[in-house]
Amino acid sequence: MALEAATAARSDREGVALLLVDGVSVEYRRGSRAIEAVKDVSLSVAAGEVLGLIGPNGSGKTTLIRAITGGLKPSAGRIELGGEEVNRLSQSERARRVAVVPQNAVLPDAFSALEVVLMGRTPHLRFLQDEASHDVEAARQAMEQTSTWDLALRAMGELSGGERQRVVLARALAQDTPLLLLDEPTAHLDIGHQGATLGLVRRICATEGKGVLAVVHDLTLAAQYCDRLVLLKDGEVAAEGDCESTLRQDVLERVYGARVSVFAHPETRRPVVAPSPDGA
Amino acid sequence: MKLIGRAATPPLTAAEAPDVLRSLRGRLWPRMLGGLAALALISTISLAMGAAEIPIEDIVRILLSHLPGVDMTADVPAAWQTIVWDVRLPRVLLAGVVGASLAMSGATYQGVFRNPLADPYLIGVATGAALGATIVVVSGAPASWNGVSLLPMAAFVGAITSVVLVYGVARVGNTVPVTTLILAGVALSSLATAITWFLMLQDTSNTLTVFSVVLGGFNTATWTKIAWVLPYAVPAGVIMLLYGRTLNVLSLDEDQARHLGVDVERTKILLLGAASLAAAAAVSAAGTIAFVGLIVPHAVRLMWGPDNRQLLPMTIILGAAFLIGADLIARTVDEPQEIPVGIITAFCGVPFFLYLLRRARGAY
Numbered sequence: 461m462a463l464e465a466a467t468a469a470r471s472d473r474e475g476v477a478l479l480l481v482d483g484v485s486v487e488y489r490r491g492s493r494a495i496e497a498v499k500d501v502s503l504s505v506a507a508g509e510v511l512g513l514i515g516p517n518g519s520g521k522t523t524l525i526r527a528i529t530g531g532l533k534p535s536a537g538r539i540e541l542g543g544e545e546v547n548r549l550s551q552s553e554r555a556r557r558v559a560v561v562p563q564n565a566v567l568p569d570a571f572s573a574l575e576v577v578l579m580g581r582t583p584h585l586r587f588l589q590d591e592a593s594h595d596v597e598a599a600r601q602a603m604e605q606t607s608t609w610d611l612a613l614r615a616m617g618e619l620s621g622g623e624r625q626r627v628v629l630a631r632a633l634a635q636d637t638p639l640l641l642l643d644e645p646t647a648h649l650d651i652g653h654q655g656a657t658l659g660l661v662r663r664i665c666a667t668e669g670k671g672v673l674a675v676v677h678d679l680t681l682a683a684q685y686c687d688r689l690v691l692l693k694d695g696e697v698a699a700e701g702d703c704e705s706t707l708r709q710d711v712l713e714r715v716y717g718a719r720v721s722v723f724a725h726p727e728t729r730r731p732v733v734a735p736s737p738d739g740a
Numbered sequence: 101m102k103l104i105g106r107a108a109t110p111p112l113t114a115a116e117a118p119d120v121l122r123s124l125r126g127r128l129w130p131r132m133l134g135g136l137a138a139l140a141l142i143s144t145i146s147l148a149m150g151a152a153e154i155p156i157e158d159i160v161r162i163l164l165s166h167l168p169g170v171d172m173t174a175d176v177p178a179a180w181q182t183i184v185w186d187v188r189l190p191r192v193l194l195a196g197v198v199g200a201s202l203a204m205s206g207a208t209y210q211g212v213f214r215n216p217l218a219d220p221y222l223i224g225v226a227t228g229a230a231l232g233a234t235i236v237v238v239s240g241a242p243a244s245w246n247g248v249s250l251l252p253m254a255a256f257v258g259a260i261t262s263v264v265l266v267y268g269v270a271r272v273g274n275t276v277p278v279t280t281l282i283l284a285g286v287a288l289s290s291l292a293t294a295i296t297w298f299l300m301l302q303d304t305s306n307t308l309t310v311f312s313v314v315l316g317g318f319n320t321a322t323w324t325k326i327a328w329v330l331p332y333a334v335p336a337g338v339i340m341l342l343y344g345r346t347l348n349v350l351s352l353d354e355d356q357a358r359h360l361g362v363d364v365e366r367t368k369i370l371l372l373g374a375a376s377l378a379a380a381a382a383v384s385a386a387g388t389i390a391f392v393g394l395i396v397p398h399a400v401r402l403m404w405g406p407d408n409r410q411l412l413p414m415t416i417i418l419g420a421a422f423l424i425g426a427d428l429i430a431r432t433v434d435e436p437q438e439i440p441v442g443i444i445t446a447f448c449g450v451p452f453f454l455y456l457l458r459r460a461r462g463a464y
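Going down the list, the protein sequences come from chains A and B. The opening residue of the first sequence carries number 461 in the working numbering; numbering runs sequentially from there. The opening residue of the second sequence carries number 101 in the working numbering; numbering runs sequentially from there.
Bound-form chain A, shown alone (with noise of 0.2 Å):
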């Protein structure tokens, strides 16, 4: 089967990591000048591993994300899918090895869910091929395993936004790459549609050995679900290594330039970031 195929083959390359950022620079112009977003950044995704990407608004997450997917070239520094350049890999190539769940992913309403699950399956097929019935049932676990299986044939557009974010999740995991990247994945999701859809990531790469890289806006989510932490400022790292290291109350408040305070979450012992209002 294609999926054991390519179990296998991601075995042979344990060791080489799945992503390599090693020094990467992006600039954009934004109308006569450039800026830079993102600068000298280095970080790693192995196996099974979840790296979460934090930082305050502008602090060119996004940015790295889209120099990873390709949709941006780096200025300076070397990006790496399963150690081959990524800009020297395909289209299909490149999407064969890595998947992206997107910000506000525009969905088509007419198509049904198990359609836009099975466009996953786009970079395995060739010029002219049609999804044959292996890709509808690699379509069906991963739909199975984001609970949408029972909404396949329902339209997009029926769809609440916890349910469509799963059908996209869905589709990354029927895309059977080695690396997820999430860009927000829970954003416009309630506290617990967050927890469930983080918590299916972090099952899927434990169970699946893949490896992920999500970026997270809510600090204290990234804490819960995240092996590692990478901090972004203004373009910069400005902190990494496990959640408790970087989710120092001083790093914060300098990084967010707010007061918060940090406390360890009752159960999990991993930390929990609030703001502290002014004056309290």
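Hint data in this document are derived by calculation from the structure and do not stem from the laboratory. Be aware that a few hints might be false.
[What the hints assert, rightly or not] Below, simulated EDC-like cross-link-like pairs (lysine to aspartate or glutamate); rule was C-alpha separation at most 20 Å, straight line:
(1) A:LYS499 to A:GLU509
(2) A:LYS533 to B:GLU438
(3) A:LYS499 to A:GLU487
(4) A:LYS693 to A:GLU644
(5) A:LYS533 to A:GLU496
(6) A:LYS533 to B:GLU354
(7) A:LYS693 to A:ASP710
(8) A:LYS499 to A:GLU700
(9) A:LYS533 to B:GLU365
(10) A:LYS693 to A:GLU704
(11) A:LYS533 to B:ASP119
(12) A:LYS499 to A:GLU704
Following the hints, put chain B in place on chain A, whose structure we already have.
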């Protein structure tokens, strides 16, 4: 099985997986055969009706007699033979080719722009093409080169210029909002039409040719015109048909399509080029006819869903049938006068357009 329903759908079991694709898409052949039957019926009625009512039996005889070695026209009046073979048949075929081209081009624009209201006329492509053709006509440039008509080529240049301008103006970030696309299209359309009229008034010797390009219609259809159009319309149609699955992926936003391995820029250029070529070929032969590219793809979507792998072939068949039917009405409703076929398509299209505008979000 109902594909997309509001009622809760029962969970599918793993054993059913191979059947899922079929239930998802339905079978293409039955609906294509149904469409072809409708097309054959409307074509035959079109050949029969008009100032001279010709029995269907005689039409079949006249058509068959053009096969090599067959002659069944012994007792058919010679005038009828001329009417069917030299007047009505080219007209029906040209209306079919133009209808198919416009409908398919509309479906492709809607997919690439992710905009349910994109129609070659509404986004200014048809009027741009008409301006391109007009410039060739009034400039006195040779209309053909080694037997290949240059009119569709000139129309194509006009069409592509319009697409690039309208897309450039209407684009907001990564998307093309419904309203800005139509506003930019209407504005550019007005300008192109104004220039066309100006050129026409400057150069009265070709007024009739230009007039027929602007107004649109099939009363000047000949076999030669069909031969003009086909070398442009057929390759354009083939390209669009080949990219059906890719067009599905493009109906997500461009970033998602890229993440799924689609070379977005290349595909967009190829598909917009093919759609514009088809529209230009249609305009150079039959003038600007509005709303065909809007009505037909949406009717197919309402009936059979949005998958472009079935949508595109079905728009060819039903686009042809629709415009042949509209032309039949245009030439018979007020006999012996003909009314421009654009009046008929507007009567069908405007209510449809307004309905889609009301629910612009849900239509796609």
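*Given the proposed pairing of A:LYS533 with B:GLU438, does the C-alpha separation stay at or below 20 Å?*
59 Å, violated
*Are the Cα atoms of A:LYS499 and A:GLU509 separated by 20 Å or less?*
The given pair, whose Cα atoms are some 24 Å apart, is violated under the 20 Å limit.
*Restraint check for A:LYS533 with B:GLU365, where alpha carbons must lie at most 20 Å apart*: Judged against 20 Å, a Cα distance of about 16 Å means the pair holds.
*A:LYS693 paired with A:ASP710 [C-alpha distance capped at 20 Å]*: 14 Å, holds
*Are A:LYS533 and B:ASP119 close enough, with their CA atoms no more than 20 Å apart?*
Violated, at roughly 43 Å.
_Holds or violated: A:LYS499 and A:GLU487, Cα atoms, limit 20 Å._
9 Å, holds
*Holds or violated: A:LYS693 with A:GLU704, Cα cutoff 20 Å?*
18 Å, holds
*asked:* For A:LYS693 and A:GLU644, compute the direct alpha-carbon distance and say whether it is at most 20 Å.
replied: Holds. A:LYS693 to A:GLU644 sits at ~17 Å (cutoff 20 Å).
*Are the Cα atoms of A:LYS499 and A:GLU700 separated by 20 Å or less?*
At roughly 15 Å apart (the allowed maximum being 20 Å), A:GLU700 and A:LYS499 satisfy the hint.
_Distance restraint between A:LYS499 and A:GLU704, which requires alpha-carbon spacing of 20 Å or less_ = Violated, at about 25 Å.
*Taking only the CA atoms, is the gap from A:LYS533 to B:GLU354 under or equal to 20 Å?*
This hinted pair holds, its Cα atoms lying about 17 Å apart.
*Would you mind confirming whether the straight-line C-alpha gap from A:LYS533 to A:GLU496 stays at or under 20 Å?*
Given pair A:LYS533, A:GLU496 holds - Cα atoms ~12 Å apart, limit 20 Å.
Taken one by one, the earlier hints fail for this structure at numbers 1, 2, 11, 12, listed in ascending order.
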